[in-house]
Amino acid sequence: MEEYGDGSSGILMMRNKDMRRIVVAVDESEESMYALSWCLTNLLSQETKTNNTVVLLYVKPPPPAYSSMDPTGYLSAGDVVATMEKYSRDLANSVMNRAEEVYRGFNTSTIKVEKKIGSGDAKNVICVAVEKLGADVLVMGSHDYGFFKRALLGSVSDYCSKHVKCPLVVVKRPKNIA
Amino acid sequence: MEGDRRVGVAIDFSPCSRDALKWAVDNLVRAGDHLILITIRPEGNYEEGEMQLWQTTGSPLIPLREFSEPVMSKKYGVKPDPETLDIANTAAAQKEIVVLLKIYWGDAREKICEAIDNIPLSCLVIGNRGLGTLKRAIMGSVSNYVVNNASCPVTVVKHLDQ
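Sequences listed follow chains A and B, in order.
Quick note on numbering: the working numbering labels position 145 of the first sequence as 145, and the sequence is numbered without any gaps.
Counting from 1 along the second sequence, just add 178 to a position and that's the residue number in the working numbering.
If you are wondering where the hints come from, they were derived from the structure by calculation, not from laboratory data.
Values in this document were obtained by computation on a predicted structure and should not be read as measured data.
We treat Cβ as the ideally placed atom computed from N, Cα and C, and that holds for glycine.
Any given hint could be a false lead.
[To be verified] Some residues of chain A that are not near chain B, with every Cβ distance over 12 Å (derived): (1) P63; (2) K86; (3) E100.
[Said to hold, decoys possible] Residues on chain B that point at chain A, a partial pick, calculated with CB under 10 Å: (4) W232; (5) S321; (6) N322; (7) T333.
[Said to hold, decoys possible] Within a straight-line C-alpha distance of at most 20 Å, the following computed SDA-like cross-link-like pairs (lysine to any residue) qualify: (8) K116/A to R104/A; (9) K165/A to S192/B; (10) K60/A to Y159/A; (11) K165/A to L338/B; (12) K162/A to N322/B; (13) K165/A to R307/B; (14) K60/A to R104/A; (15) K162/A to K273/B; (16) K273/B to T50/A; (17) K116/A to N322/B; (18) K149/A to N327/B; (19) K165/A to L309/B; (20) K165/A to K273/B; (21) K162/A to P193/B.
Please model the complete structure; the sequences and the hints are all you need to start from.
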């Protein structure tokens, strides 16, 4: 395991065999909740030897930078900004609560769960966080865009697969058969 | 959900796929699973050998014992390298799993996605050669295609040149 530990991250950490950090990127979508439950079922079950830490990473969209003078002539009021911030905090809490519901269903007595909230552009924040947290695996869901949507909207999982140094698991939700 | 999963690992006997196999064995595989190594050979015109029989559906699932033998290369045209075999053998002994090999002939990307549906696989692990953007555009990236088009969760294990 030592040879794997050397190559897996740029951080000079004494990686011992018994520790494993799994970062799961969550957002508001069902796909990422499914990715979390897949991760708990498949990567973690019955592993009593290794200490597993699951880090739930949620990235808030960046607060829009409004100039203080809108074209309409109104000055951006202080409480508008406050409302926006409250909204994004509520959103973050609701995502974390949903994630908690998912992992409460599993036997998580041997697993430590941490929650981290970042803000900014999802792809960059995830890649930076993975480096800083020293993740061993990154798990994320996939919105399953087609070719054009990917080209236009950009795909976070595509970006991460190019830039992240640790193994990446992309979990697609299987199409439910009616 | 204990056991009974079919975990696939895409192999081309390069160091990257060896990393992928090692990661899968260390982190993903549990006792009772079937570890299926998938290798894709380029399509060719095979005059003799069983290859002709299996061009459309791929070879049958070959057990570990059989593909450790040297006669494999003549029969299927595939020569597994000793390090990969070593990892597979250790895994089979330590973890109580069944290790099988399946060979396909054709285009790597499409065949891997086909394999996921046909075998069927619960998840797939694939290595990543770490090509830059330009090279990817020219040569194409198998792992990228597989991640986007597979019907099961795909794990991409990077190969880091140290």
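Evaluated hints:
1. P63: At roughly 31 Å from the nearest Cβ of chain B, P63/A sits farther out than 12 Å, so the non-interface label holds.
2. K86: 36 Å, holds
3. E100: For E100/A, whose nearest Cβ neighbour in chain B is about 21 Å away, the distance exceeds 12 Å, so it holds.
4. W232: 28 Å, violated
5. S321: Hint on S321/B: holds, closest Cβ of chain A at ~7 Å, below 10 Å.
6. N322: At 7 Å from the nearest chain A Cβ, N322/B passes the 10 Å test, so the hint holds.
7. T333: Interface hint status for T333/B: holds (4 Å vs cutoff 10 Å).
8. K116/A to R104/A: 18 Å, holds
9. K165/A to S192/B: Given pair K165/A, S192/B holds - Cα atoms ~19 Å apart, limit 20 Å.
10. K60/A to Y159/A: This hinted pair holds, its Cα atoms lying about 17 Å apart.
11. K165/A to L338/B: 8 Å, holds
12. K162/A to N322/B: 9 Å, holds
13. K165/A to R307/B: Satisfied, since the Cα-Cα distance of roughly 12 Å is no more than 20 Å.
14. K60/A to R104/A: 23 Å, violated
15. K162/A to K273/B: Not satisfied, since the Cα-Cα distance of roughly 32 Å exceeds 20 Å.
16. K273/B to T50/A: 15 Å, holds
17. K116/A to N322/B: Violated, at roughly 28 Å.
18. K149/A to N327/B: Roughly 14 Å between the alpha carbons, so the hint for K149/A and N327/B holds.
19. K165/A to L309/B: 13 Å, holds
20. K165/A to K273/B: 27 Å, violated
21. K162/A to P193/B: OK: K162/A and P193/B at ~19 Å, within 20 Å.
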